[in-house]
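Quick mapping for you: the protein sequence lines, in order, are chains A and B. Each residue of the first sequence is one higher than the one before, counting from 1 in the UniProt record's numbering. Each residue of the second sequence is one higher than the one before, counting from 1 in the UniProt record's numbering.
These are computed hints drawn from the structure, not numbers from a lab. It is possible that part of the hints are untrue.
Said to hold, decoys possible - Lysine-lysine pairs mimicking DSSO-like chemistry, simulated, CA-CA at most 27 Å apart:
#1 B:118 / B:137
#2 A:165 / B:208
#3 B:137 / B:252
#4 A:782 / B:252
#5 A:89 / B:118
Said to hold, decoys possible - Counterexamples of contact, computed for chain B against chain A with all Cβ distances above 12 Å:
#6 35
#7 93
#8 129
#9 136
#10 164
#11 225
#12 228
#13 230
#14 237
Here the structure is a predicted model, which means the values were calculated and not measured. Idealized CB from N, CA, C, for every residue including glycine.
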Amino acid sequence: MANVAKKVSWSGRDREDDEDGRAGETTPLLNGSGPGAAGGARQLTPSSFLRIGQLSNVDLNEDIHELQTELPRQRPNEIPHNEKLLSLKYESLDYDNSENQLFLEEERRINHAAFRTVEIKRWVICAMIGILTGLVACFIDIVVENLAGLKYRVVKDNIDKFTAKGGLSFSLLLWATLNASVVMVGSVIVAFIEPVAAGSGIPQIKCYLNGVKIPHVVRLKTLVIKVCGVILSVVGGLAVGKEGPMIHSGAVIAAGISQGRSTSLKRDFKIFEYFRRDTEKRDFVSAGAAAGVSAAFGAPVGGVLFSLEEGASFWNQFLTWRIFFASMISTFTLNSVLSVYHGNAWDLSSPGLINFGRFDSEKMGYTIQEIPIFIFMGVVGGILGALFNALNYWLTMFRIRYIHRPCLQVVEAMLVAAVTATVGFVMIYCSRDCQPIQGSSVAYPLQLFCADGEYNSMATAFFNTPEKSVVNLFHDPPGSYNPMTLGMFTLMYFFLACWTYGLTVSAGVFIPSLLIGAAWGRLFGISLSYLTKGSIWADPGKYALMGAAAQLGGIVRMTLSLTVIMMEATGNVTYGFPIMLVLMTAKIVGDYFVEGLYDMHIQLQSVPFLHWEAPVTSHSLTAREVMSTPVTCLRRIERVGTVVDILSDTSSNHNGFPVVESNADTTQVAGLRGLILRSQLIVLLKHKVFVERANLSLVQRRLKLKDFRDAYPRFPPIQSIHVSQDERECMIDLSEFMNPSPYTVPQEASLPRVFKLFRALGLRHLVVVDNHNEVVGMVTRKDLARYRLGKEGLEELSLAQT
Amino acid sequence: ALGAAEGLAEELRVAALPGDLPELEPECRSLLAAFAEGSAALAGCLGRRARPVRLCQGCRGHYRRLLAQYGTIAAGNSSESHNCAKSILTSDRLQIVVTLSEFFNETWEAANCANCLKNNSEGLSNSTEEFLDLFNKSLTCFEHNLQGQTLYLSPNNYTEVCKNCNETYTKLNDLYNNLQRMNRQGGEAGHSAHLCIDVEDAMNITRKLWSRTFNCSVPCSDTVPVIAVSSFILFLPIVFYLSSFLHSKQKKRILILPKRIQSNASLVNIQEKYS
Chain A
1 MANVAKKVSW
11 SGRDREDDED
21 GRAGETTPLL
31 NGSGPGAAGG
41 ARQLTPSSFL
51 RIGQLSNVDL
61 NEDIHELQTE
71 LPRQRPNEIP
81 HNEKLLSLKY
91 ESLDYDNSEN
101 QLFLEEERRI
111 NHAAFRTVEI
121 KRWVICAMIG
131 ILTGLVACFI
141 DIVVENLAGL
151 KYRVVKDNID
161 KFTAKGGLSF
171 SLLLWATLNA
181 SVVMVGSVIV
191 AFIEPVAAGS
201 GIPQIKCYLN
211 GVKIPHVVRL
221 KTLVIKVCGV
231 ILSVVGGLAV
241 GKEGPMIHSG
251 AVIAAGISQG
261 RSTSLKRDFK
271 IFEYFRRDTE
281 KRDFVSAGAA
291 AGVSAAFGAP
301 VGGVLFSLEE
311 GASFWNQFLT
321 WRIFFASMIS
331 TFTLNSVLSV
341 YHGNAWDLSS
351 PGLINFGRFD
361 SEKMGYTIQE
371 IPIFIFMGVV
381 GGILGALFNA
391 LNYWLTMFRI
401 RYIHRPCLQV
411 VEAMLVAAVT
421 ATVGFVMIYC
431 SRDCQPIQGS
441 SVAYPLQLFC
451 ADGEYNSMAT
461 AFFNTPEKSV
471 VNLFHDPPGS
481 YNPMTLGMFT
491 LMYFFLACWT
501 YGLTVSAGVF
511 IPSLLIGAAW
521 GRLFGISLSY
531 LTKGSIWADP
541 GKYALMGAAA
551 QLGGIVRMTL
561 SLTVIMMEAT
571 GNVTYGFPIM
581 LVLMTAKIVG
591 DYFVEGLYDM
601 HIQLQSVPFL
611 HWEAPVTSHS
621 LTAREVMSTP
631 VTCLRRIERV
641 GTVVDILSDT
651 SSNHNGFPVV
661 ESNADTTQVA
671 GLRGLILRSQ
681 LIVLLKHKVF
691 VERANLSLVQ
701 RRLKLKDFRD
711 AYPRFPPIQS
721 IHVSQDEREC
731 MIDLSEFMNP
741 SPYTVPQEAS
751 LPRVFKLFRA
761 LGLRHLVVVD
771 NHNEVVGMVT
781 RKDLARYRLG
791 KEGLEELSLA
801 QT
Chain B
1 ALGAAEGLAE
11 ELRVAALPGD
21 LPELEPECRS
31 LLAAFAEGSA
41 ALAGCLGRRA
51 RPVRLCQGCR
61 GHYRRLLAQY
71 GTIAAGNSSE
81 SHNCAKSILT
91 SDRLQIVVTL
101 SEFFNETWEA
111 ANCANCLKNN
121 SEGLSNSTEE
131 FLDLFNKSLT
141 CFEHNLQGQT
151 LYLSPNNYTE
161 VCKNCNETYT
171 KLNDLYNNLQ
181 RMNRQGGEAG
191 HSAHLCIDVE
201 DAMNITRKLW
211 SRTFNCSVPC
221 SDTVPVIAVS
231 SFILFLPIVF
241 YLSSFLHSKQ
251 KKRILILPKR
261 IQSNASLVNI
271 QEKYS
């Protein structure tokens, strides 16, 4: 009975010997294909394919017996969510081009000029990505400015009124209610319509560029929810910024434009059809992310480097140049539209959503003596960042475990909004730090208990959008804040921001981090000024900038791109060196305690994320131990019923199937011939490309590559394809459609070797073969991602359904 | 002033080079003298009116004259044949006339006097007049009500001032706020957002008197309700988290057994290898 199973074999090393003998017999049969082979294969029952692994256990050694005996004890069990899981929800993107015959035909058909058109189209798309990203940024900026302005004016008038008459508790209630209701709307749309729009979106884009398909992440619907969500959460007064989500927005725009259609709108513009592939889409998405950064911070180079640092597993110089083009266009668009909006058309001096203002007065210079001070600030930033991440880790774990119902998430967001307003109000109420009003430097001066003509200085920090507060902290003249105010503000804002990140609202963490850092940095600068008896170089604004860099670096642990972003946002190249030092120290110190916020969230989401390298101590693991086995294989000419059954089997939701030679003689082992994807099979079934039908109608239209592209990226599920009983008996010839040269590794290949191949080429399936080119196993992303270097050496993550 | 001008002209003549090498045409010389006199007068005026600030009201005439004199020099059309602009303004490194004129212009700009003058800077604008009237009225009111009391002896007993002058003060304050709002709205066109220094200073003085010296603006502080409301709101999240911890069903993940050789032994393997 065991010998029936030959299409797929375990072929442990001990079996290879007795199979060696048969290799000679196998070879001549390779050419046997067509009707004869089809006829033979028809007699095979589908179950013989699927059950092969269990049937062949007679041949296996003790290892497998052990597995069999322990199976009942290891039956699937339930555990609480933890960080050492990989979710089955996430699939891999397929960057490997399927070089099947259709592809070759198409390439022959397209001449040289047409490829040049494709190249030009790429540039056009990049320009459009830049323009649209810039426009979205403008839209967010203008709407936030107006709505937040309206809110603060209403609250300010109310507070002014009740300060005179008494009854400030009503103002507090008004403020809290306004915040909570705005945030409620923002949270409802995210929680109920598109949960993937929550958060800053940077982890998701990072995963996407790494090659993980996060469901819904680049849909138009997500973009709409994201943009509205950001506006509402910033207007709702949460401790969030609108910069991080710009990166996600840019990525969605890029993905949408490059495909020339939107499935959310059910419109197909019939353009850019050539780019309907994961590989092309990924390139454009990295351009979109760069354009997003560029619009957010006015940092085109920073944007390119961000894509490079966070996303680019796959990179080439032409792509870099195109991405840079998209970034530049994006910041230019934002600039020109905002300049028109602010009434000085074509001024082009507000390049980003947040502009740190200029740091070029003499006081802002730095000397060599300050370098150790900056490094010390980096250490502080690293420690505070690690603390932030650790607190957020516990909070997120709690949220995943207990607050998973959408209505609870909405309630939580509302509570955070109300508490943020309350904390702000109480801080302002208790503060006795009054500063004289100078012109209109303060947007919404709250007098409260100050003398006429003065304003409460705590209110400039709390009673303002976070972006404005950051700029105030950088640029307000020395003496605008007293140390007590800054200290209390840092403390409160730290916890608020930490509490806010991870709520079901779309919001970024950049600005809150900058704000916390700027506050303690300024405090640091003031105390330094005290200690040195007011030396000229202790300008608090400069230290606020360094503190902001340190805090942000300590939280997100970005290095190169963040340095350049900060440099470009301040417009000051001479700060490059201290900022680099600060970020470096912050990263080193922070990494000592806990990893970066984005990586942490990726891990908590159980995403199979592949890092740059395999874990260092994993060379003794071989492909044989890593791979999944047995593999469900298809024969080159396969019965339709079998294909349908395999595809509809819910327990094994495989996406790629090795295609093996179809032998008439079932006792023969069959070598690997190619690889076919689920999506291709579905298209084939949908168009009913069966051998019998081809014989019936000679003039039947041949399937083209276009048919596969049209179905991309949302291939219909197998359930939606109807196959009648008669058709189940038909045969399907895969040789034209499969990828005839899939990447393979021998079973002895070490894990780092497999990893390198897999990661560098952006593969989705890597077939493990034995000496006779027979399929032994399959390595996919989840097989590789589950090995991780933990605190006590190599760890293995378990798979889980989420 | 005439005498001083003559003296100045004399001085210039003495300092001049020998007659056969005319460094400066007589016409230009007199222009320079006039400018010197004008700037001295303006500087004096600015200095005298520095505190309390009355620059725009008091010195606008001087400033206008100086501006005109400088214009004459710069235009160089006092007589056709001579170009005084070149010989006075750009003949040396220091260019003292330009520096002086720039200084006065900058000061005038910084004080933002244009804001409270009429468009042709002939006189104070109507709103400024109105404001200054009201300002004087409040000052009179303060003085009137303080009679019989000494300003510095009983610092906590100004209830009478507060009661009697409240109306005028509120009006003044409102007017100022109004002016500021109007200024800010019209300010987009190019003016800075400041009012002119005279008005700002007058208001500052009044406000300081009112809230610091007289201690009149004592806002009602209702600490108890604020504490009550805020502690209620701060209490809500605790309730929320506790209840969701206790009542919400913890999300469980279903572990999937991977299809693998030595699937359950491999972790042990790993640990053996690396421990």
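Exercise for the section: Could you work out which earlier hints the structure fails to respect and list their numbers in ascending sequence? Expected result: 3, 5, 11, 12, 13 and 14
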